[in-house]
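Colleague: Here is how the chains run, residue by residue.
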Amino acid sequence: MAEILVLVDHADGVVRKPALELLTLARRLGTPVAVVLGAGDAAAGIAAKAGEYGAERVITADAAQFADFLVVPKVDALQQIAGSVNPAAVLVTSSGEGKEIAARLALRLGSGVITDAVDLASSEGGPVATQSVFAASFTVQSRVSHGTPVITVKPNATSPEAAPAAGAVESVAVEFSAAASGTKVTSRTPRVSSGRPELTEAAIVVSGGRGVGAADGFSVVEALADSLGAAVGASRAAVDAGWYPHSNQVGQTGKQVSPQLYIANGISGAIQHRAGMQTSKTIVVVNKDPEAPIFELADFGVVGDLFAVLPQLTDEINTRKG
Amino acid sequence: MSLRIVVCVKYVPDATGDRRFGEDFTTDRDGVDGLLSELDEYGVEQALRIAEASGDAEVTVVTVGPDDAKDALRKALSMGADKAVHVNDDDLHGTDALGTSLVLAKAVEQAGFDLVVCGMASTDGTMGVVPALLAERLGVPQVTLLSEVAVEGGVVTGRRDGDAATEYLQAQLPAVVSVTDQSGEARYPSFKGIMAAKKKPVQSLDLDDLGIEAEQVGLAGAWTAVDSAAARPARTQGTIVKDEGEGGKQLAAFLAAQKFI
Ligand SMILES: Cc1cc2nc3c(=O)[nH]c(=O)nc-3n(C[C@H](O)[C@H](O)[C@H](O)COP(=O)(O)OP(=O)(O)OC[C@H]3O[C@@H](n4cnc5c(N)ncnc54)[C@H](O)[C@@H]3O)c2cc1C
Ligand SMILES: Nc1ncnc2c1ncn2[C@@H]1O[C@H](COP(=O)(O)O)[C@@H](O)[C@H]1O
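Chains as they are written, first to last, in full-length UniProt numbering: chain A, 1 to 322; chain B, 1 to 261.
Take the hints with a grain of salt, since some may be wrong.
[Claimed, not checked] In the DSS-like style, the derived pairs of lysine-lysine whose C-alpha atoms are separated by at most 27 Å in a straight line are: (1) Lys-259(B) - Lys-17(A); (2) Lys-249(B) - Lys-83(B); (3) Lys-199(B) - Lys-281(A); (4) Lys-249(B) - Lys-281(A); (5) Lys-259(B) - Lys-281(A); (6) Lys-242(B) - Lys-321(A); (7) Lys-259(B) - Lys-321(A); (8) Lys-321(A) - Lys-199(B); (9) Lys-106(B) - Lys-200(B); (10) Lys-288(A) - Lys-259(B); (11) Lys-242(B) - Lys-288(A); (12) Lys-199(B) - Lys-106(B); (13) Lys-83(B) - Lys-288(A); (14) Lys-259(B) - Lys-249(B).
[Said to hold, decoys possible] Here chain B is said to cover these stretches of chain A; the calculated rule only asks that three of the stretch's residues, wherever they fall, bring their Cβ under 8 Å from a Cβ of chain B: (15) 108-114; (16) 125-137; (17) 314-321.
None of these hints come from the bench; they were simulated from the model.
Cβ atoms here follow ideal geometry from the backbone N, Cα and C, with glycine treated the same way.
Start from the sequences, fold in the hints, and give me the full structure.
Modeller: Take a look at the structure:
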């Protein structure tokens, strides 16, 4: 069966969940071959995990370049590996970096590139990608018509399913191009975890907007989130005001989330915010303005002050949980 | 030597309007109002700040797009850019990101550059790949997705806030930069700026001028194909209640019925 190259995203020595989703999707298209770059001592553990999720082969490469320089070293590695594996498709996680890697790789391979797939299916003409476009108001199906399809897939496109495979590890030495050392990473500060689920991976997201009024106002949003084991999101207005970190922004220029449940509090529902949340399964709204456009999306809405509604809801949840 | 800055700006359908596809599944750019992509205003802004800080710089804005795309150029000129290049050709209809990057690379090379500044993504396609593709084609470093950027002594530095970490980056010019909407609010054109923009030069180029064959771009040259596009069914509004003191409890009952608690 055709081999599908999967770039396995990892951080702090652990596989990130979207990589397991990619391996799960890759099995629909062929035999997954995982690529693990710059994992150092963690490579063996990551390779084993990739094997658990269906990777027949795991190709690892380690070099200081992967951490010291931006994007291009990974493109060099994938290009070299694609040259020896001759895959039927290459899958990469849709992140800022993932999309840049995919695009440059596609250009070098003489292939088309599709970004931000939310689903993948196999067809005679190669993989068919489903994309959600124009602020999620359209669903598009597209294919790469030339070369080896290079496709980036959004987190949460599927749920990871284990399917143990051989996971035979091969390590390769990458010959880096002159361009590889073009952009130096002079320092890197890992993002500190809030202890809550990752926004893009969470089953429930509780968000706050300008209606939260101040940074301390977010404590009611966080309390509700914690009662549900949810991630916390924020509108751009709340982020721009400095009330919550940009890494928690939901929307066109923040994270795009598609959880089982999205609770929007004090958010009006601008198109750029909708772009990041309107594919959520169930949407709940708390807003004091009955005319707020976000109510159009609501499966359940409460017209009211979030400072009254949220604490009552949180208490009720905590009581029910016992 | 004056610092030559080229800013890539895209003319996009207004996101608050009714965006849709044409019959060939390309973005409808005729039937809807367009504007300079808001995310490219940040690119223009940073280019102008870098130019001001350098004291000796020239800012050229480049767009690849239909006739109306000159509105986007006008806006950038009225913000303070010095001159503009408009690449416009019927054969460009349906060009994908790879093709766009080819056209932009040729246009940028022809204009001459030390620094290319892009937005983080176009608001219609939202791919966020053209800056990286441009860097690949031009053979210069990419210093992208920056929330802070500075140029000094032939070196560009910037801060990139990624999913897992914040990175500080550094590269020698010439380079391609892209900036996010966290990089600093874009200025409004002043009345003086708007008047001055009317006299600034806008060069029009077609594919011939750039030495690009029609087959390399457009729908025919696109390496991706859209098979179908369907409007997502509108969400149907559910129950809306007014909080009369029991709103939180009513919400809890809904969540319990839906098995979330
Ligand atoms: C290029 C571009 C990209 C953008 N990207 C994003 C993005 O990624 N994400 C994003 O969110 N936005 C984005 N925006 C901004 C977007 O257009 C809106 O400005 C923003 O979403 C508004 O945030 P908000 O709903 O919190 O604020 P507002 O629109 O001010 O709404 C606040 C709401 O809170 C309600 N409220 C006030 N007090 C209370 C209370 N006590 N209890 C209950 N309700 C209350 C009000 O009724 C109102 O509906 C972008 C804009 C542009 C131009
Ligand atoms: N047609 C175009 N003309 C000029 N610049 C463009 C064009 N398309 C994309 N760009 C630039 O590339 C950036 C990223 O675009 P994209 O990869 O399409 O999301 C934009 O913010 C622009 O700076």
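Colleague: Decide, hint by hint, whether the structure agrees.
Modeller: Going through the hints against the structure:
A threshold of 27 Å between alpha carbons decides the hint, and for Lys-259(B) with Lys-17(A) the separation of about 25 Å falls inside it, so the pair holds. Restraint check: the Cα-Cα separation between Lys-249(B) and Lys-83(B) comes to about 61 Å, which exceeds 27 Å; the hinted pair is violated. Distance restraint check for Lys-199(B) and Lys-281(A): the Cα-Cα separation of roughly 52 Å exceeds the 27 Å cut-off, and the hinted pair is therefore not satisfied. Proximity of Lys-249(B) to Lys-281(A) is assessed by CA-CA distance (about 22 Å); at most 27 Å being required, the pair is judged to hold.
A hinted pair counts as satisfied when its Cα atoms are at most 27 Å apart, and Lys-259(B) with Lys-281(A) qualifies at roughly 13 Å. Proposed proximity of Lys-242(B) and Lys-321(A) is supported: the alpha carbons are some 26 Å apart, at most 27 Å. Annotation: proposed proximity of Lys-259(B) to Lys-321(A) holds, straight-line Cα distance about 12 Å (limit 27 Å). Note on Lys-321(A) and Lys-199(B): the hinted pairing is violated, with a Cα-Cα distance of about 69 Å set against a maximum of 27 Å.
Proposed proximity of Lys-106(B) and Lys-200(B) is supported: the alpha carbons are some 22 Å apart, at most 27 Å. The straight-line distance between the Cα atoms of Lys-288(A) and Lys-259(B) is roughly 26 Å, inside the 27 Å bound, and the hint therefore holds. Proximity of Lys-242(B) to Lys-288(A) is assessed by CA-CA distance (about 9 Å); at most 27 Å being required, the pair is judged to hold. Among the hinted pairs, Lys-199(B) with Lys-106(B) is consistent with the structure: their alpha-carbon atoms are about 26 Å apart, no more than 27 Å.
At most 27 Å may separate the alpha-carbon atoms for a hinted pair to count; Lys-83(B) and Lys-288(A) exceed this at roughly 48 Å. For a cut-off of 27 Å, the pair hint linking Lys-259(B) to Lys-249(B) stands: about 15 Å separates their Cα positions. Here's how the stretch 108-114 of chain A fares: 5 of its residues keep a CB closer than 8 Å to some CB of chain B, so the rule of at least three is met and the hint holds. Judged by the Cβ-Cβ criterion of 8 Å, the stretch 125-137 of chain A is covered by chain B as claimed, because 7 of its residues qualify and three suffice.
Three residues within the 8 Å Cβ limit are the bar, and the stretch 314-321 of chain A against chain B gives 6, so the coverage statement holds.
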